[in-house]
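K.L.:
The chain contents come next:
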Amino acid sequence: MFTQYFGQYLLNKNYLTPQQLHEGLELQKETRLKLGVLAVNAGYMTADQADEVNEAQKKVDKRFGELAVDMGYLTNEQVEELLSSQKFGHLLLGQALVDKGYMTLQEFEKAINEYKKEYSISDQEFEAIQRDDVEKMINTLIKIEGSKDEKLLKSYLALFARNLIRFIDTEAVVSEVVKLEEYQCRFAAKQNVQGEISLTTYIEADESSFVKFASKFAEEDLTTVDEMVEASVGEFLNLHNGIFLVNMSNTGIELELTPQEIHTNLKVNNVYKITIDLSFGKINLLICE
Amino acid sequence: MSENLKKILICDDSILMRKKLKESINSCGTFEILEATDGEKAVEIYKEVKPALVFMDIVMPVKDGIQAVTEIKEFDSNAKVVMASSSGTKEHLKKAIKAGAFEFIQKPWEQEQITRIVNNLFKKGE
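Just so you know, the sequences run in chain order A and B. Taking the working numbering, the leading residue of the first sequence gets 1, the next gets one more, and so forth. Taking the working numbering, the leading residue of the second sequence gets 1, the next gets one more, and so forth.
Be a bit skeptical, because a hint or two may be false.
[What the hints assert, rightly or not] Mimicking BS3-like on lysine-lysine, the simulated pairs with C-alpha atoms at most 25 Å apart in a straight line are:
1. A:59 with B:90
2. B:22 with A:58
3. B:50 with B:98
4. A:58 with B:107
5. B:50 with B:19
6. A:154 with B:90
7. A:154 with B:107
8. A:59 with B:22
9. B:80 with B:107
10. A:62 with B:90
11. A:62 with B:107
12. B:19 with A:216
13. A:216 with B:107
14. B:7 with B:50
15. A:58 with B:19
16. B:50 with A:59
17. B:22 with A:216
18. A:59 with A:136
19. B:107 with A:59
20. A:151 with B:90
[Claimed, not checked] Not the full set, but computed from the structure, chain A residues with beta-carbon under 10 Å of chain B:
21. 218
22. 220
23. 227
24. 234
25. 239
26. 245
27. 248
28. 249
Since the hints were derived computationally from the structure, they do not count as laboratory data. By construction, the Cβ of each residue, glycine as well, lies at the ideal position given by its N, Cα and C atoms.
Please take these sequences and the hints and turn them into a complete structure.
P.N.:
This is the structure in structure tokens:
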């Protein structure tokens, strides 16, 4: 996942064209090894056990390594060892770009160093980011300026990113955060979080991405905005906000939710627009404080 | 539908969740499944049909699930109601228990949870 954030950075800095980045990421994907594959390869797990962990992962908000430890298939030491052999995804992207002749290795290294400097990323943070630690990644790479409670919004966003990865698309990447005085929604699911903390939240997208998002969550082939599509996007938002409420409840803050609503062409004011790139399109998470 | 089939009422404002829950229940056996889209309709249907089991969401328009369970239990103290909600906060759990729900399942539920509940209720004795 970090590789995609870094890829976005290369794009923003005009080091690469979108086409070149796409090709680099595609090539890099083929060479990136999953923890399960590494564990099987190392003889720590059988392929059946890895499948079992992958299945279990669809249901709980945990990483492969954590679950494999919970299920007694790996020790923490083995996970650490495997992760250290896995954490060079961005270097694989670098290799892919160099192989394609889009950048030299020197240019790539320079870009990485610039990136770390620009975001004031410590070596320790960089380690965590490379391990795809979503929480750390959001905290370090995403700036939410002018918020009443930046820490809260970041933890909300990190949870949203994790839920997207868990239920919708493992390729989900937060690509932009902007604060807008006014935004015209296309298709949107809306839900309010109320209580000590008050947030209005929306998942918003164009028609095509809205339908594809709904199809993924419902695990059904949906083709046009209908009651099922609306229910699916609404339910994802409800599910995410429900988990947020449970997390907050565990810290002693009790909140309530309103029933989710669906809107088209709704205008919202003073809103954070968080754009998320998915493998099938873009969606926006909108938050009003 | 046969008169002899056990009746289960599903109350959720989301058509998707009703569909998924119906599929989960149908994989446990043959039942007559009734649907309500909010708490008020659920109470009405309960009073009319007295289903053997109710699955109830919490956050819904018109009347929320906690209020609906309270009214159902007032009408029939033996009613069997399972809360099925995405927000299993401590407060919601407390309220659900106080209202008289006998079980709380957090969405997204697993098939085994539904199977266990349905089997425990219907496969024993009868």
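K.L.:
Against this structure, judge whether each hint is valid.
P.N.:
Verification of the hints:
1. A:59 with B:90: Holds, at about 21 Å.
2. B:22 with A:58: holds (21 Å)
3. B:50 with B:98: Answer holds: residue 50 of chain B to residue 98 of chain B is near 21 Å, not above 25 Å.
4. A:58 with B:107: holds (13 Å)
5. B:50 with B:19: holds (21 Å)
6. A:154 with B:90: The given pair, whose Cα atoms are some 23 Å apart, holds under the 25 Å limit.
7. A:154 with B:107: holds (24 Å)
8. A:59 with B:22: holds (19 Å)
9. B:80 with B:107: holds (19 Å)
10. A:62 with B:90: holds (22 Å)
11. A:62 with B:107: It holds: about 16 Å lies between the C-alpha atoms, which stays within 25 Å.
12. B:19 with A:216: With Cα atoms ~16 Å apart, residue 19 of chain B and residue 216 of chain A stay inside 25 Å; holds.
13. A:216 with B:107: This hinted pair holds, its Cα atoms lying about 17 Å apart.
14. B:7 with B:50: Holds. Residue 7 of chain B to residue 50 of chain B sits at ~8 Å (cutoff 25 Å).
15. A:58 with B:19: holds (20 Å)
16. B:50 with A:59: Not OK: residue 50 of chain B and residue 59 of chain A at ~33 Å, beyond 25 Å, violated.
17. B:22 with A:216: holds (19 Å)
18. A:59 with A:136: Distance ~22 Å between residue 59 of chain A and residue 136 of chain A Cα, so the pair holds.
19. B:107 with A:59: Holds. Residue 107 of chain B to residue 59 of chain A sits at ~10 Å (cutoff 25 Å).
20. A:151 with B:90: holds (23 Å)
21. 218: Holds. Min distance 5 Å.
22. 220: holds (8 Å)
23. 227: Given a least distance of 5 Å, the restraint on residue 227 of chain A holds.
24. 234: holds (6 Å)
25. 239: Holds. Min distance 5 Å.
26. 245: holds (4 Å)
27. 248: holds (8 Å)
28. 249: holds (4 Å)
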